[in-house]
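All residue numbers for the sequence shown refer to full-length UniProt numbering, where the first residue is 1 and numbers rise by one.
FYI, nobody ran anything at the bench for these hints, they're computed from the structure.
There may be inaccurate statements among the hints.
Listed below are the simulated BS3-like cross-link pairs for lysine-lysine, each with C-alpha atoms no more than 25 Å apart in a straight line [stated by the list, open to error]:
hint, residue 1, residue 2
1, Lys143, Lys94
2, Lys75, Lys143
3, Lys140, Lys75
4, Lys140, Lys176
5, Lys149, Lys176
6, Lys75, Lys149
7, Lys94, Lys242
Quick caveat, the model's predicted, so the values are computed rather than measured.
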Amino acid sequence: MPLRLAILEADTPVSASNARYHGYFGLFRHLFARAVSPQPVESVLALTGHDVVHNPSSEYPSLDDVDAILITGSKYNAFDDDEWITTLVEFVRKALLHDRVKIVGICFGHQIVARALGALVSRSDHGWEVSVTETRLTEKGRKLFGGRKTLNIQQMHRDQVFGVPAGAELLASTDKCPNHGFVIPNRVITVQGHPEFTEDVMGEILELRHDSGLFTDQTYRSGVARNGDHHDGVFMAQAFIKFLQNP
């Protein structure tokens, strides 16, 4: 039976990417389809999408009807107290207490899971971390990601999790961001990066945020120079699936 994975969409991709991939649900379906190819993704994962920003009261899945949840990235701040954000944090806390459901957190989702576990999430003093970036894996991270010492991952964040939540183990770090993901064995796996981002998605974000003045010329040029599909997103998705499938 396919594993039932609910994608909790915490945002909408920027316009051209949204039209191309049809939301974060579509982006993750595209990622997981490549991860399980040549099998059809439906034979491995039964994916459902849930807009938790605009329809939080009606969009959450029943935890009894899913095997796992994945919280996506977002332009919003995981430390804010907007009603939909606090509702999401409480839902994650319920999932953490469930005896079966596993949790995957991606970027904003990583921060939301950390907040639900009592960790501090706030703005980084080191500014933006963008585009394909090398992360250094811990010993635990190496075990989960096939013995590799590093992973190259698309990044788009200036917030971070400070410290490691109680009961969790650190997976990776960079000089700018000491917590690039954590794991609670058989229950939770999170990453600060965006394995689902493709070259075109990152390129559009870099362009828009530079045009708006949010990114300096230096941040923009550096991000463009490192952008591409030469990152480990598909490999990471394969590791996520293995983590979710293991009892």
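**Q.** Pair hint Lys143 and Lys94, alpha-carbon separation not exceeding 25 Å
**A.** violated (28 Å)
Q) Is Lys75 within 25 Å of Lys149, Cα to Cα? A) violated (30 Å)
Q) Are the Cα atoms of Lys140 and Lys176 separated by 25 Å or less? A) Satisfied, since the Cα-Cα distance of roughly 20 Å is no more than 25 Å.
Q) Are the Cα positions of Lys149 and Lys176 separated by 25 Å at most? A) holds (18 Å)
Q) Quick one, are Lys140 and Lys75 close enough, alpha carbons at most 25 Å? A) violated (29 Å)
Q. Lys94 and Lys242: Cα distance at most 25 Å?
A. holds (23 Å)
Q. Within 25 Å, alpha carbon to alpha carbon, are Lys75 and Lys143?
A. Violated, because 31 Å separates the two Cα atoms, which is more than 25 Å.
Hint compliance for this structure: hints 1, 2, 3, 6 are broken, all remaining hints hold.
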